[in-house]
Structure formats: C-alpha cells, structure tokens
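2 protein chains.
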Amino acid sequence: MDPEDHQSPSDLRQVLILRPPPVFAVHEQYFSNKFQILKAYDSPLPTHDFLRSYAQSVRVVLCSGVRPITAEVIRDLPALKLVVSSATGVNHIDMAECRLRGITVTNVADVFSDDVADAAVGLYIDVMRKITASDRFVRGGQWPVTGEYPLGSKIGGKRIGIVGLGNIGSRVATRLKAMGCVVSYTSRHKKHSTPFIFHPNVLQLALNSDALIICCALTNDTRHMVNNTVIKALGKTGVIVNVARGAIINEVELVNCLVEGEIGGVGLDVFENEPNVPTQMLELDNVVLLPHRTAFTRESFHDAAQILLSNLEAFFTNKPLLTPVANQF
Amino acid sequence: MDPEDHQSPSDLRQVLILRPPPVFAVHEQYFSNKFQILKAYDSPLPTHDFLRSYAQSVRVVLCSGVRPITAEVIRDLPALKLVVSSATGVNHIDMAECRLRGITVTNVADVFSDDVADAAVGLYIDVMRKITASDRFVRGGQWPVTGEYPLGSKIGGKRIGIVGLGNIGSRVATRLKAMGCVVSYTSRHKKHSTPFIFHPNVLQLALNSDALIICCALTNDTRHMVNNTVIKALGKTGVIVNVARGAIINEVELVNCLVEGEIGGVGLDVFENEPNVPTQMLELDNVVLLPHRTAFTRESFHDAAQILLSNLEAFFTNKPLLTPVANQF
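Chains as they are written, first to last, in the numbering used here: chain A, 1 to 329; chain B, 1 to 329.
Do not rely on the hints blindly, as some may be mistaken.
As the list claims (entries may be wrong) - Cross-link-like lysine to any residue pairs, in silico, SDA-like; alpha carbons within 25 Å at most:
#1 B:K236 with B:N201
#2 A:K39 with B:L151
#3 B:K236 with A:H27
#4 B:K177 with A:F196
What the hints assert, rightly or not - If you want the ones that stay clear, here's a sample from chain B, every Cβ over 12 Å from chain A, calculated:
#5 H48
#6 E97
#7 K190
#8 A217
#9 T237
#10 V252
#11 E262
#12 V288
#13 F315
#14 A326
#15 N327
Hints were generated in silico from the structure; no laboratory data involved. Beta carbons: idealized from backbone N, C-alpha and C, even for Gly.
Take the sequences, apply the hints, and build the full model.
Here it is in structure tokens:
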C-alpha cells in the first residue's frame, strides 16, 4: 500500500525545523515532497513567536546538534509528540523534559559509525605519517628546493588507547588492530565481550598508550577529561585524535601542550567553540584539522535521510517507529 | 665475540657511496663508526675519476634509488664484490652486469612494506574523506565564513582493485578489507593462496573497481600501464592511489583526466619526474600529494640501517649475508 494513497491532510503532516540539520539541507526535496516543512529559520518572527503560532498543530520536530531542543522549545509546543534527530547522540535534546511530557525521540542509530571510525583512522595515519603537512610541503613548491622532509612514525606496534569503546570506538579498534596496533580502552564499565585491555580511567590509559582516540559521548563526567595531566602522561611523542566532542578535551591546556612541545601531534574533527579553531593551531604542522565532518559522506547522508523519512512516515501513519531512543530513568 | 675486537684494517672496510641514501643520511654516524665511508658526492673529482682512484681497493658500494648503479659504475670498480641497497627494489642496479661479474646484491627485504601499505591506506582515506582539503579549508579560515564543505565518500563497500598483490599490495588488501571494502587484484599470475578476486589485466580490474591502489614494480610491462583508457574505465567517481613508481601511470593523461573531471580523485606519493609535480595538480582539491615518503618512518629507517650494517659487517668478517637478492636468469 503506497502511503501517498492514504495521505493525511497536509496540515497534519507538519514537521517543524528550528535550524536545518545537514542531512535535511542535502536532501530537502525528499522531505518537502512528503511533509509540510515549517522553517523557523526562514521566518522573520522571533523563534518563540514562531513556535507559539504553531503551538496547537505541530506534533513533530526535526533536529540535529546544530540547534538544541531545550525545555523552553518543548514547552512552546504543547502538541509535540515526536522529536526526530538526524544525529546518533541525543545530548542536544532535553531528554528529561521529553520523558515528562511523553514525547518520543528517534535518532539515526549507528548509521554514521563506520564513517566516523574511518575518518578517525585517517586522522591518525595522517598525523603519524605527516600526510597533510607533506601535501602542504609539495604544494608550496618546497620539494625541489629543500628535498628533505622529517620522518614520520610507524603505525604497527603502537599502543592505541580508545576512549569509549562503543559503536565508533570498537570500529576504530578493529581497524587499527588490522594495522598491527595493540589496542586497549577505557569506558564506564569493563566490557566482557572484547579482547582489548581495559584501563579504569583515562589517565591510566594515557600512561599505557602511544595514542588516544577519543570516541566517547560528552557528559558531565567526560567534559575536560583530557586535560594537561592526561596529555603529559601520554608524553612528548604521543598523539591524540578526537572525533567525539571538542569539550572532552581542555582545549586551552591542549594548545599550551602543543606550543610547548609536550605532545607529538593531534588530529581534531571537533572543537570547544565551533566553528572557531584556536589560532595557534593553524600554524602547527603536527596538527590536522577537520571542520566537524567525520560523519559526512554521500552514502551515509542518504541512509540517514531514509531513516528520518521512515520514522516520520511511520509516525503519521500510526506505525511503529524505526529507531526510538530509550528514555528512562 | 664483539666484531670490534677483530676489526680489519680500515682500508679493507671501505664502503663507497655515490649519493647518500636517505637511510644513510639519517644514521650516518652508525656507518662512519664502523667503516671507512668514501663519499663520491663530497669529492671535487668527477665521479669517473673518483671511482678510478679507488678501483683497486673498493669492494663494497652502498646505494639506493637516488643514484643508479649502472654498468659504467660497476666497470670502474673492478674489485667490487658487493652492492648493498637500502631499498627493497633493485631496479636502480644493473643486475645483469652484477651477475656477469659475480657481484652480490643485498636489499633490505620487506622492512618498509607495512609503512608503505599504511600510507597507501592513509592516502585513500584522505582522498575519499577530503582530509587534506578540509584541513586547508579550516586553516584558510573558511569554516566560520562558508560553513559548508562538500560531502566525502564512504569507504565501506567500495570495490578496491590492487595492482600488484605482493608484500605491499597484500598488506593494503588486508587493511582495506578490515574497513569493509571488497578487494580484487591483478598481477602477472593468479595467486592461489589469497581469497581476493583475480582480474587478468589492469583494464578489467579498473572496469570492476571503484579505486585502484598501485603497488607493483616498475618494469617495461608496467610502464604507462595506467593510461587514459584505464582511468576512464575506472570512471568519474573513481580514485587512484600510487605508492609504487610514478611512471606506471601516464602522468600527462592523468592530468588531463583530472582537469576534465574524468576521475574522482588521486593520492600520489610518486611522480614521473621527481621532485617535479605537474603544476595543474597543485591547484586541485581532489588530489593529495606526498614527496615520495611512504617508506619514511623513524622505526623503519632504524631497522633498515641495522640490516645494512649487518650485511656490511657480515661481508667484512666473511660471514653469510643477511638479505642477498636472487640474481639468476
């Protein structure tokens, strides 16, 4: 049965967006064809007024990390029943408020995990083998002039510390093991279904690793967890890759360690105050910088759009949601 | 027994170098401590005259791809017994002339294979996920201004064609398989000990692949093997990584295909006329350029130096060489 045949009136298929998630921006036509998209970001009204003007009708919000769904937003939409997130993490949504009001949240499951893990490995190889810095050396015309370029470091045999052995961390571990690395990890609890070595905290992990790959969620416990002490425990030839959230690292202390030569190199996809990157980093050759893009591939954006559309379609036709997020105390 | 105790007179431990191999340049002290190094490159004499001045005594030459050991060089050194190469390949040595004169050749076995394979994977991820181009975007200050950056391509599920499934190619295959790629290959002969799909030539491989990773030796058969026809068979979203030798690709035809958008992107460590890189490539964002450095890590240079020193020590103490290269018809 084609859902188009029994389409509800368009005013009952309203989807409100505060700021367009990247997946929506790329595949907007798919959404516009099937749903009435209410764009707060295109309205001249202040957000609060825009939300109140749809207070009685809007049952669905589509969102991502680019704009949090706060308790205030939720209270402005008393008819809200569903928050559809185009991200895997839901730390940009006030889950307690959703729980209180019986609002369901869906995410896109682990559709981006392989991409983020691939990019983490790419960043690690890049820092170790100086790929981006070498490309700059060649493009700057220096090869015929100076000839020499500093040696890189070998990947095989290095002790990799994975911070957070979840969907992404475990994929990074598998990939680096195939390159001859020795993998250990830290996480809230020791995992019994993995062959990798457990350390009870990030400092112990750093003391026993040549590199840290940060793959954990940002929580009150993990904020600024990678600080001056942890960085120095990793040591002067240590490498840090962060594909999780910028605030897991104390960025000021990281910059100081980079400038002082207290760490070998870093590959960063995320920063504390995106899109702003500390200016000292821009001059350093042992730093590789991405604009928060490790999840951004054509294929995964297509897959994520399909999950979002399927969740929306399921909601409006009273069928089971594909990827609801557990939301219990 | 410490070899120092029975050291031969220094004039019998002469090692002649035409141009310093990179491994020697980094670890020169190790060599100078044990052997009398005769540096043609430091002499005001023309090479021929320098060689003739040591014609009666020099039994060993240390070399690498930076300066070929031609039949002329060999004929200038009638006492020559051993050519020690700091590379794995020996295409820079006139092997036929060595055979005729009973000169043994040693290489460094596969000490660099893991490093080259790691860098090949790094180049592939970089091109697919736009790491170097994104770093340039961030360093150029564009992130806060334009915000958007083009999507990359997913690694998992891609059909990888390995050109030459030897020590390096098989390591690249293992690594990319761990990332979810489907690997096939071409080589002179089908290999029976591998699970990967065989194609009889590079054109068939290109027709059935999303990317080519070139890992084969440069021979008369492989020179310009990757030409316009092969590149177009790979297609407009195809990717080529070359960590072998520049001349395996017809560089003029590759540049044309890049400029015309007939190929998705390339990652190149090697070029036809090193250190010169075609200027059109320097402006392209879908190209990653390394200065022939995929083998260059501190760890492997150290290991390679140990192999070179051990071969030299073995020769001067009449012990079996570690890594002689088979040199038969």
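Next pair to validate is K236 of chain B with N201 of chain B; report whether the Cα-Cα distance is within 25 Å. holds, 20 Å
Exclusion check [E262 of chain B not at the chain A interface, CB over 12 Å]: holds, 19 Å
Do the alpha carbons of K236 of chain B and H27 of chain A lie within 25 Å of each other, as the hint requires? holds, 22 Å
E97 of chain B clear of chain A by more than 12 Å, beta carbon to beta carbon? holds, 29 Å
Non-interface claim for V252 of chain B: all C-beta distances to chain A beyond 12 Å? Label holds. Min Cβ-Cβ 19 Å, cutoff 12 Å.
Is the nearest Cβ of chain A still more than 12 Å from the Cβ of N327 of chain B? holds, 30 Å
Would the least Cβ to Cβ distance between A217 of chain B and chain A come out above 12 Å? It holds; A217 of chain B is separated from chain A by about 22 Å at its closest Cβ, greater than 12 Å.
Distance rule for F315 of chain B, whose beta carbon must clear each one in chain A by more than 12 Å: holds, 27 Å
Separation of H48 of chain B from chain A, once the least beta-carbon distance is taken, above 12 Å: Label holds. Min Cβ-Cβ 25 Å, cutoff 12 Å.
Please verify whether K39 of chain A and L151 of chain B have alpha carbons no more than 25 Å apart. This hinted pair holds, its Cα atoms lying about 23 Å apart.
Distance restraint between K177 of chain B and F196 of chain A, which requires alpha-carbon spacing of 25 Å or less: Given pair K177 of chain B, F196 of chain A holds - Cα atoms ~20 Å apart, limit 25 Å.
Non-interface claim for T237 of chain B, where every Cβ of chain A lies beyond 12 Å: T237 of chain B is in fact no farther than 12 Å from some Cβ atom of chain A, at 10 Å.
The structure is inconsistent with the numbered hints 9 and 12, although it conforms to all the rest.
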